[in-house]
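Asks: If you want the building blocks of each chain, they are given just below.
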Amino acid sequence: AALSCRYVLCEVVSEDPRCRQCIEDRAVGLAVRDAVGRVHGDYGLACCSISFTVKYLNAYTGTVLLRCRKDSYRLLCSALPFVRQLESRNQRYPCSLNTLHVGGTIRTCQKFLIQYNRRQLLMLLQNCTNEEERRCVQKSLLSCSLTEEQSQSGDEEDDDGPE
Amino acid sequence: ARPAGRMARAEPPAAAFERRVLRSAAEHHYLRVRLELPDGGARPSVAQFKQLVVSALRELHGEVGAALPVDVLTYEEKTLSAILRVVSSGLVKLWSALTLLGFYQNRRCAFRVLQVKPCGAGWLPPNVSSRSKVVW
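In the order they appear, the protein sequences are chains A and B.
Anchor point for the first sequence: position 102 equals 102 in the numbering used here, and the numbering is continuous, going up by one each time.
Anchor point for the second sequence: position 130 equals 1130 in the numbering used here, and the numbering is continuous, going up by one each time.
Hints may be right or wrong, so weigh each one.
[What the hints assert, rightly or not] Here are a few chain B residues that face chain A, going by a calculated C-beta distance under 8 Å:
| id | residue |
| --- | --- |
| 1 | Arg1058 |
| 2 | Glu1059 |
| 3 | Leu1060 |
| 4 | His1061 |
| 5 | Gly1062 |
| 6 | Glu1063 |
| 7 | Val1064 |
| 8 | Gly1065 |
Think of the hints as simulated: they come from the structure by calculation, not from any bench.
Given the structure is predicted, the values throughout are model-derived calculations rather than measurements.
Glycine is no exception: its CB is placed at the ideal position from the N, C-alpha and C atoms.
Whenever a hint applies, use it, and build me the whole structure from the sequences.
Replies: Dropping the structure here:
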């Protein structure tokens, strides 16, 4: 694994529910790169930009998966707390990023995310106010699993196409 | 590194470079630098000089770089030369930031790093010790 990458899993936390509509790859990517540029300057920005991309995001849960080189993941992670807002289509909303997990492959992050989401659902279950909600949440909980697919060859490990 | 004598006005000699490695880790590194302003103009005061150094660090290394403890131990406005002191862990950041600085108040400029030493003793002018109060 000569060109190793690190995958950083984080969640977007915002008090404003309208922030969800800004959770898209371009807006998040720009916000993260802007924060890295402010905190670590031109050098840090250039380092982190090699192989940097937003690999996955989920606007409903606010989950974001970022990829960067192994050599610069510390620069990236230390700049994430400095993301203050997301901007998209001339709308900007304040938010912050919580780092949940850093892994070497997408698969490890995915496994972690499933466990994490299961725990979140359990907490939601405890806070359910009526029977209807309870049943919905219980159904989601019971259907959490990692399904093994036949074709595994295209799966992460070393995601280093020219970028 | 030995200085190559006072730089003659005529033609700068080919850069002589001497490197001595000291085994014991030093706390601070000292840089003798000179700012060149080929297009002339007003010379920066010591405060503006320090501001320039910090802004160079901020550009290349961000807020983390700008927060690096750098001190201007001596400054000579006439020749624009100074002795800077920096925590040893920040030497590379400072040196690279000075090297890549190109403009001061929209005028071309260049920092010449003449000497770098891990130990200030016996090198600073007699009335400045390595523990003296900083100029800025």
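Asks: Run every hint past the structure and note whether it holds.
Replies: Results for each hint:
A cut of 8 Å between beta carbons decides the hint on arginine 1058 of chain B: the least distance to chain A is about 7 Å, and the hint holds. A distance limit of 8 Å between C-beta atoms decides the matter here; for glutamate 1059 of chain B the minimum to chain A is near 6 Å, and the interface restraint holds. The interface hint given for leucine 1060 of chain B is met, as the beta carbon of that residue sits about 5 Å from the closest beta carbon of chain A, less than 8 Å. A cut of 8 Å between beta carbons decides the hint on histidine 1061 of chain B: the least distance to chain A is about 4 Å, and the hint holds.
Contact between glycine 1062 of chain B and chain A, as hinted, is supported at the beta carbon level, the nearest pair being about 4 Å apart and thus within 8 Å. Taking 8 Å as the C-beta contact cut-off toward chain A, the hint placing glutamate 1063 of chain B at the interface holds, the least distance being around 5 Å. The interface hint given for valine 1064 of chain B holds, since its Cβ lies 6 Å from the closest Cβ of chain A, which is under the 8 Å cut-off. The interface hint given for glycine 1065 of chain B is met, as the beta carbon of that residue sits about 6 Å from the closest beta carbon of chain A, less than 8 Å.
This entry satisfies every hint, going by the numbered hints stated previously.
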